[in-house]
Amino acid sequence: MKNLTVLLFLICLILAGTGSTFAAADTTAVPAGSRAFDLMPFVLPWTATSNPAALSETSFGNISMAQAGYTGSDNDIRLTQQPVQSSSYHAVTKGYMKLGRVSMFGSFGYSNSGYKGVNYNGTMMFDTFNPYLVGDSVPARQSREQFVMGGKFSYLLNDRISLAVGAGYLSAVGARQKDPRNKNTISALKVTPGITYDMGKTKVGLSGSVYTSSNEMSYRVEGNWNQNLFVFLGLGYFRQEINISSYSQWYVGHGYAGALQVSHENGDVYIIAELGYDHYTEEARSGSSFRLIDGITETDGISLSGMLRIERGKAFHVLTVKGSLKALSGDEILQRSYRINRGTYSYDSLATVSWIKNKQMITDLGGEVKYTRLVYDADYNIDVEFGGALQAGYYSTEHFPVQSYGFYNTFNLGGSLFARKLLRAGRLLITPGLEAGYRMNLGSDMSYTVQPLSFPAMVYHDYYISKANIISASASVRIEMPFSQNKFVKSLFLIPGGRYAAAPGSEAGDLSGYLIDVVAGLTF
Numbered sequence: 014m015k016n017l018t019v020l021l022f023l024i025c026l027i028l029a030g031t032g033s034t035f036a037a038a039d040t041t042a043v044p045a046g047s048r049a050f051d052l053m054p055f056v057l058p059w060t061a062t063s064n065p066a067a068l069s070e071t072s073f074g075n076i077s078m079a080q081a082g083y084t085g086s087d088n089d090i091r092l093t094q095q096p097v098q099s100s101s102y103h104a105v106t107k108g109y110m111k112l113g114r115v116s117m118f119g120s121f122g123y124s125n126s127g128y129k130g131v132n133y134n135g136t137m138m139f140d141t142f143n144p145y146l147v148g149d150s151v152p153a154r155q156s157r158e159q160f161v162m163g164g165k166f167s168y169l170l171n172d173r174i175s176l177a178v179g180a181g182y183l184s185a186v187g188a189r190q191k192d193p194r195n196k197n198t199i200s201a202l203k204v205t206p207g208i209t210y211d212m213g214k215t216k217v218g219l220s221g222s223v224y225t226s227s228n229e230m231s232y233r234v235e236g237n238w239n240q241n242l243f244v245f246l247g248l249g250y251f252r253q254e255i256n257i258s259s260y261s262q263w264y265v266g267h268g269y270a271g272a273l274q275v276s277h278e279n280g281d282v283y284i285i286a287e288l289g290y291d292h293y294t295e296e297a298r299s300g301s302s303f304r305l306i307d308g309i310t311e312t313d314g315i316s317l318s319g320m321l322r323i324e325r326g327k328a329f330h331v332l333t334v335k336g337s338l339k340a341l342s343g344d345e346i347l348q349r350s351y352r353i354n355r356g357t358y359s360y361d362s363l364a365t366v367s368w369i370k371n372k373q374m375i376t377d378l379g380g381e382v383k384y385t386r387l388v389y390d391a392d393y394n395i396d397v398e399f400g401g402a403l404q405a406g407y408y409s410t411e412h413f414p415v416q417s418y419g420f421y422n423t424f425n426l427g428g429s430l431f432a433r434k435l436l437r438a439g440r441l442l443i444t445p446g447l448e449a450g451y452r453m454n455l456g457s458d459m460s461y462t463v464q465p466l467s468f469p470a471m472v473y474h475d476y477y478i479s480k481a482n483i484i485s486a487s488a489s490v491r492i493e494m495p496f497s498q499n500k501f502v503k504s505l506f507l508i509p510g511g512r513y514a515a516a517p518g519s520e521a522g523d524l525s526g527y528l529i530d531v532v533a534g535l536t537f
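Take any residue in the sequence shown, note its place counting from 1, add 13, and you have its number in the working numbering.
Incorrect hints may appear among the rest.
List of simulated lysine-lysine pairs, DSS-like, C-alpha gap at most 30 Å [to be verified]:
#1 LYS129 x LYS214
#2 LYS216 x LYS203
#3 LYS327 x LYS370
#4 LYS216 x LYS434
#5 LYS339 x LYS434
#6 LYS191 x LYS214
#7 LYS370 x LYS214
#8 LYS335 x LYS214
#9 LYS203 x LYS327
#10 LYS196 x LYS327
#11 LYS383 x LYS434
#12 LYS335 x LYS203
#13 LYS327 x LYS383
#14 LYS327 x LYS434
#15 LYS216 x LYS327
#16 LYS434 x LYS500
#17 LYS370 x LYS216
#18 LYS370 x LYS434
#19 LYS434 x LYS335
#20 LYS327 x LYS129
#21 LYS214 x LYS383
#22 LYS129 x LYS216
What follows is a set of in silico ranges between Cβ atoms, one per label pair, in the way DEER data are often shown [said to hold, decoys possible]:
#23 ALA486 x ARG173: 28 to 36 Å
#24 ASN371 x ARG252: 43 to 51 Å
#25 ARG173 x ARG252: 27 to 35 Å
#26 SER409 x LYS370: 16 to 24 Å
#27 GLU158 x ARG325: 24 to 32 Å
#28 ARG114 x LEU288: 23 to 31 Å
#29 ILE484 x LEU288: 30 to 38 Å
#30 ILE484 x VAL334: 21 to 29 Å
#31 VAL115 x VAL366: 38 to 46 Å
#32 ALA486 x VAL217: 36 to 44 Å
#33 SER156 x VAL115: 39 to 47 Å
Treat the hints as calculated values from the structure; they're not laboratory data. Backbone N, C-alpha and C fix where the C-beta goes; we use that ideal spot for every residue, glycine too.
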């Protein structure tokens with residue numbers, strides 16, 4: 014794995030850092046600056062799919078970007094096992110390169126993050142459906158250092174067929190310097206082959222992925238040994254590890270995915286759709302050599318996305334549709350390890366005390382419809398951008414048998430409006446943007462039975478957050494200076510922004526949160 018990491022690192026740096034070395038024979042008109050990366054899903058819609066063979070469609074020349082920034086947030090509108098405050102210093106470089114029939118993309122990113130106010134979660138998995146998390150009640154600061162790299166390679170076999178492969182790798186370490194001290198070693202690898210077949214106005218594609226993930230965490234206590242851990246089982250139920258001096262847990266997962274893409278172009282009208290399926294299995298293991306299984310989750314996901322683009326002069330009318338369904342089933346397992354003595358020798362054996370299938374069930378259904386109007390200027394910069402979106406989501410979590418334990422479900426509807434306008438101040442391109450949104454609850458239901466080993470306050474808080482009415486607003490400004498005569502640096506840019514959200518009168522209280530973000534970089 015170490016050799017693979019070094020190889021991917023070198024490939025990604027080469028691809029991300031040498032985008033301006035070669036020139037393409039034919040180019041698609043896109044802005045010369047950082048907005049070229051944002052506009053690719055509109056100008057070249059196949060680049061928004063999961064198929065790496067879409068690289069063969071990138072005929073805009075070679076372009077790279079390097080940026081660094083800071084992101085910080087303080088949020089009360091959160092689930093119990095998520096952090097109250099987070100901060101991150103991050104940097105990334107990425108680039109596209111085309112050489113004859115070969116198209117390549119590479120990216121490399123680094124981040125150093127800190128989290129405060131985290132309760133009952135030492136896994137550093139804050140956006141997971143996995144109910145079998147391990148944590149404690151000490152809300153100390155956690156830190157995480159992460160490297161992410163990715164690369165894609167596409168070859169145009171002939172005028173119709175493109176073959177490609179993509180790979181992504183993540184490596185991270187995390188720690189906390191207060192008892193009980195957890196250390197996390199996290200990695201993930203994903204490989205995605207793909208193919209496209211161009212029939213002229215119609216184009217079809219097929220892609221698939223295999224991927225693995227690993228999160229090995231170890232607890233140790235350097236001071237007071239009277240520390241307890243909670244092994245959660247879903248919906249606030251748990252079992253305890255009492256008076257620990259050390260404890261280890263390993264989350265290991267593997268999955269596969271497949272997707273079918275199709276597009277059709279007729280004059281100024283372009284339509285594209287992608288249908289995907291994803292299956293992921295993750296085990297939570299503990300004990301000596303991680304032989305004991307605490308829980309197994311299986312997640313099946315179906316996604317559908319589509320885009321309709323109508324071009325009128327220098328304007329695009331874009332309608333996008335997204336929908337997804339994720340269903341998780343969790344097996345709750347209790348195993349014990351014991352030693353067997355056979356006179357002259359002894360060995361450890363494993364006994365399964367209980368194995369309850371489909372003990373925890375989660376369903377997450379969501380969709381979005383979004384309209385965007387883009388108007389270009391003479392230099393192919395976006396002069397005006399505005400639109401709106403509607404989102405709907407249904408979430409359900411159940412712990413069986415529900416008559417003895419419980420469930421809750423929520424159904425929410427949201428909407429948003431956004432607008433951006435390009436202003437010029439000499440050579441500077443200044444694009445301020447505003448967005449406002451509102452989410453309202455249309456229905457919810459809950460039933461919960463308190464057990465001796467349960468945290469009802471956690472469950473009620475998460476339920477109230479999931480169904481809270483939330484109002485939000487965000488603002489940003491992109492300040493960019495292009496250099497048309499420079500052979501290496503194409504532009505410098507600065508993008509500060511912020512977001513504020515509030516949930517007044519929610520059953521969890523009058524809650525609010527904010528996020529600030531600033532990024533500076535260059536394109537070359």
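Each hint tested on the structure:
For the hint pairing LYS129 with LYS214, the CA-to-CA distance comes to about 53 Å; that exceeds 30 Å, so the pair is violated. Between LYS216 and LYS203, the direct Cα distance comes to roughly 25 Å. Compliance with the 30 Å bound is thereby established for this hinted pair. At roughly 57 Å between alpha-carbon atoms, LYS327 and LYS370 are farther apart than 30 Å, so this suggested pair is violated. Distance check on the hinted pair: LYS216 and LYS434 sit about 34 Å apart at the alpha-carbon level, beyond 30 Å; violated.
Between the alpha carbons of LYS339 and LYS434 the distance comes to roughly 37 Å, so the proposed pair goes past 30 Å and is violated. Restraint check: the Cα-Cα separation between LYS191 and LYS214 comes to about 61 Å, which exceeds 30 Å; the hinted pair is violated. A hinted pair counts as satisfied when its Cα atoms are at most 30 Å apart, and LYS370 with LYS214 does not qualify at roughly 49 Å. Taking the CA atoms of LYS335 and LYS214, the gap is about 23 Å. The hint holds against a cut of 30 Å.
A distance of roughly 39 Å separates the Cα atoms of LYS203 and LYS327; the hinted pair therefore is violated under the 30 Å criterion. Only pairs whose Cα atoms come within 30 Å are accepted, and LYS196 paired with LYS327 is rejected, the gap being roughly 54 Å. Pair hint LYS383 plus LYS434 holds up; C-alpha atoms about 19 Å apart against a cutoff of 30 Å. Pair hint LYS335 plus LYS203 holds up; C-alpha atoms about 23 Å apart against a cutoff of 30 Å.
Between LYS327 and LYS383, the direct Cα distance comes to roughly 20 Å. Compliance with the 30 Å bound is thereby established for this hinted pair. For the proposed pair LYS327 and LYS434, the alpha carbon gap of about 15 Å is at most 30 Å, so the pair holds. Taking the CA atoms of LYS216 and LYS327, the gap is near 25 Å; set against the 30 Å cutoff, the hint holds. A hinted pair counts as satisfied when its Cα atoms are at most 30 Å apart, and LYS434 with LYS500 qualifies at roughly 28 Å.
Pair hint LYS370 plus LYS216 does not hold up; C-alpha atoms about 43 Å apart against a cutoff of 30 Å. For the given pair, LYS370 sits about 54 Å from LYS434 by alpha-carbon distance, which is inconsistent with the 30 Å threshold. The hinted pair formed by LYS434 and LYS335 meets the criterion: a straight-line CA distance of about 26 Å does not exceed 30 Å. Among the hinted pairs, LYS327 with LYS129 is inconsistent with the structure: their alpha-carbon atoms are about 47 Å apart, more than 30 Å.
A distance of roughly 25 Å separates the Cα atoms of LYS214 and LYS383; the hinted pair therefore holds under the 30 Å criterion. The hinted pair formed by LYS129 and LYS216 fails the criterion: a straight-line CA distance of about 48 Å is larger than 30 Å. In this structure the hint that ALA486 and ARG173 lie 28 to 36 Å apart at CB is violated, the actual value being about 48 Å. For the pair ASN371 and ARG252, the beta carbons lie near 19 Å from each other, so the given range of 43 to 51 Å is not met.
Evaluation of the 27 to 35 Å hint for ARG173 and ARG252 yields a failure: the beta carbon distance comes to about 58 Å. The hinted range of 16 to 24 Å is satisfied by SER409 and LYS370, whose Cβ atoms lie roughly 18 Å apart. A hinted range of 24 to 32 Å is violated for the C-beta pair GLU158 and ARG325, which are about 48 Å apart. Between ARG114 and LEU288 the C-beta distance comes to about 28 Å, which sits within the given range of 23 to 31 Å.
Restraint check, ILE484 to LEU288: a C-beta distance of roughly 34 Å satisfies the suggested window 30 to 38 Å. Taken as a hint, the range 21 to 29 Å holds for the pair ILE484 and VAL334, whose Cβ atoms sit roughly 25 Å apart. Hint check: VAL115 to VAL366, Cβ distance near 56 Å, so the stated range 38 to 46 Å is violated. The hinted window of 36 to 44 Å between ALA486 and VAL217 holds, with their beta carbons roughly 41 Å apart.
The beta-carbon spacing between SER156 and VAL115, approximately 40 Å, falls within the hinted interval of 39 to 47 Å.
Against the hints set out earlier in the document, violations occur for numbers 1, 3, 4, 5, 6, 7, 9, 10, 17, 18, 20, 22, 23, 24, 25, 27, 31.
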